[in-house]
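Student: Heads up: the sequence lines are chains A and B, in that order.
For the first sequence, our numbering begins at 2 and goes up steadily by one.
For the second sequence, our numbering begins at 185 and goes up steadily by one.
Where hints are given, some of them may not hold.
Derived EDC-like pairs: lysine to aspartate or glutamate, alpha-carbon spacing no greater than 20 Å straight-line [unchecked claim]:
| no. | chain 1 | residue 1 | chain 2 | residue 2 |
| --- | --- | --- | --- | --- |
| 1 | A | Lys41 | A | Asp31 |
| 2 | A | Lys51 | B | Glu383 |
| 3 | A | Lys41 | B | Glu474 |
| 4 | B | Lys323 | B | Glu350 |
| 5 | A | Lys69 | B | Asp444 |
| 6 | A | Lys55 | B | Glu421 |
| 7 | A | Lys63 | B | Glu324 |
| 8 | A | Lys41 | B | Glu290 |
| 9 | A | Lys51 | A | Asp33 |
| 10 | B | Lys323 | B | Glu441 |
Every beta carbon over 12 Å from chain B, so not counted as near; a handful from chain A, in silico [to be verified]:
| no. | residue |
| --- | --- |
| 11 | Pro6 |
| 12 | Ala32 |
| 13 | Lys69 |
Quick caveat, the hints were computed from the structure, so don't treat them as lab data.
Even for Gly, the Cβ is constructed at its ideal location relative to N, Cα and C.
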Amino acid sequence: MSEAPIYPHADVEICPGGPMLVRNAGAIRDADGQVHRVDKPIVALCRCQKSARKPWCDGTHKLLPPEKRPQ
Amino acid sequence: MLLPEPRGALTSALFAALRTSPRTQVDVCVEPSDLDDATLALWVLHELSYRGFDDVDDAAEWDLGALAVRRRLEDDLERRMRERYAASAARPDTGDLAADLFTYIEQFEGPSLARFVQTTATRDQVLELLKWRSIYHLKEADPTAWVIPRLPVRAKAALAELQYDEYGGGNPNQLHQNLFTRGMRAVGLNEKYGRYVGEAPTEFLEMNNALSMLGLHRRLRAAALGHLAAFETTSSEPSRRIAQGLRRLELAEELAEYYDEHVTADAVHDQLAVRSICGTLVDDEPDQAEEIFFGAFVCMDMESRAAHAAFARWGVDA
Numbered sequence: 002m003s004e005a006p007i008y009p010h011a012d013v014e015i016c017p018g019g020p021m022l023v024r025n026a027g028a029i030r031d032a033d034g035q036v037h038r039v040d041k042p043i044v045a046l047c048r049c050q051k052s053a054r055k056p057w058c059d060g061t062h063k064l065l066p067p068e069k070r071p072q
Numbered sequence: 185m186l187l188p189e190p191r192g193a194l195t196s197a198l199f200a201a202l203r204t205s206p207r208t209q210v211d212v213c214v215e216p217s218d219l220d221d222a223t224l225a226l227w228v229l230h231e232l233s234y235r236g237f238d239d240v241d242d243a244a245e246w247d248l249g250a251l252a253v254r255r256r257l258e259d260d261l262e263r264r265m266r267e268r269y270a271a272s273a274a275r276p277d278t279g280d281l282a283a284d285l286f287t288y289i290e291q292f293e294g295p296s297l298a299r300f301v302q303t304t305a306t307r308d309q310v311l312e313l314l315k316w317r318s319i320y321h322l323k324e325a326d327p328t329a330w331v332i333p334r335l336p337v338r339a340k341a342a343l344a345e346l347q348y349d350e351y352g353g354g355n356p357n358q359l360h361q362n363l364f365t366r367g368m369r370a371v372g373l374n375e376k377y378g379r380y381v382g383e384a385p386t387e388f389l390e391m392n393n394a395l396s397m398l399g400l401h402r403r404l405r406a407a408a409l410g411h412l413a414a415f416e417t418t419s420s421e422p423s424r425r426i427a428q429g430l431r432r433l434e435l436a437e438e439l440a441e442y443y444d445e446h447v448t449a450d451a452v453h454d455q456l457a458v459r460s461i462c463g464t465l466v467d468d469e470p471d472q473a474e475e476i477f478f479g480a481f482v483c484m485d486m487e488s489r490a491a492h493a494a495f496a497r498w499g500v501d502a
């Protein structure tokens, strides 16, 4: 019998064309130095710089043409 | 919740039998009067597997007659959904499931109720829409919970991560269903589970029937997850628009906050649904790829039909 596989799993994930997923964060410091408390086990951080809710992703990257989305 | 008012021959016969179950078995030979009658019958039969009805014995969920009627109605619904999918635009197929699924969902065109709520809808129209939508929101995430035990390891862990958030992360106050309940009460609507089923148009009930059917059949597990992916991917931006519309109409802040919560929550959920859930499922079960796109189509097609129905009722050009 083969061993059960160990799956690669990360706390931080870069989503092509989209946000950065962050797990188990206590607080996030944004570009202006402001600290945001995190009360969820997983959050999405904006990478396209167009979110109206920075540092959080609000899905705005989907309104950008593909070449303007973060890699 | 009590059984709703019947809407035709099938629901009349079915509801009468359900009220006296298990003394009487459901008659499997009654034909529906029309699609509205068939759709309400299926909604009620599915509900027996969720919270049930105060005037129906709990054992009716597994009444053989009820199951036979449910199966017949589901077969008809699935046939119609598959015919529309077969007639729709082909899906992209580059071999990158996540990229293809995002592209497929983004390219689907349908009328936007969210944009209408944001800019134009009257207070009465928004309240009516909330009543119809409450059929879904008060059991939000429940149909997808049926799918968890049917998945391979990675997709199961990822779906549990998403559902944990839908169910409030252990905090009943944050349970999304419960956030909607509080919002309904705050705008003066009756928040009782199932209260507005009797007022819901066929298309809004059918949207829920499709979701329940995909969740309840193991055979349709990948379609259920494709549906989830499309739903989450098309949620953040419309939720932002609806929140703006609610504030424009000065409706209670609690309800706008429900939609605010979905702007950021669903920006996480869509990535999980597309990449970690659908993506790994197809890695493990490659023959399920087409079913994921079918499920995504069902979500968007049903939403589009419901939007058309709402605009037609209000006499608004979609």
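Student: Against chain B, does Ala32 (chain A) hold up as non-interface, every C-beta pair farther apart than 12 Å?
Tutor: holds (18 Å)
Student: Would you check the hint for Lys41 (chain A) and Glu290 (chain B), treating anything up to 20 Å between C-alpha atoms as holding?
Tutor: The hint is violated at about 27 Å.
Student: Compare the distance between the alpha carbons of Lys55 (chain A) and Glu421 (chain B) with 20 Å, and conclude whether the hinted pair is satisfied.
Tutor: holds (15 Å)
Student: Given the proposed pairing of Lys51 (chain A) with Glu383 (chain B), does the C-alpha separation stay at or below 20 Å?
Tutor: It is violated: about 40 Å lies between the C-alpha atoms, which goes past 20 Å.
Student: Between the alpha carbons of Lys323 (chain B) and Glu350 (chain B), is the straight-line distance 20 Å or under?
Tutor: holds (11 Å)
Student: Hint check: Lys63 (chain A) vs Glu324 (chain B), CA-CA at most 20 Å. Holds or violated?
Tutor: violated (24 Å)
Student: For the pair supplied as a hint, Lys41 (chain A) and Glu474 (chain B), confirm whether the alpha-carbon distance does not exceed 20 Å.
Tutor: violated (33 Å)
Student: Keeping to a limit of 20 Å between CA atoms, is the pair of Lys323 (chain B) and Glu441 (chain B) held or broken?
Tutor: holds (18 Å)
Student: For the pair supplied as a hint, Lys69 (chain A) and Asp444 (chain B), confirm whether the alpha-carbon distance does not exceed 20 Å.
Tutor: violated (25 Å)
Student: Against chain B, does Lys69 (chain A) keep a CB gap of more than 12 Å to every residue?
Tutor: holds (14 Å)
Student: Starting from Lys41 (chain A), check that the Cα of Asp31 (chain A) is at most 20 Å away, please.
Tutor: holds (17 Å)
Student: Find the nearest Cβ of chain B to the Cβ of Pro6 (chain A) and say whether that gap is larger than 12 Å.
Tutor: Its Cβ does come within 12 Å of chain B, the nearest being 8 Å, so this is violated.
Violated hints, listed in ascending order, are 2, 3, 5, 7, 8 and 11; each of the other numbered hints is respected by the structure.
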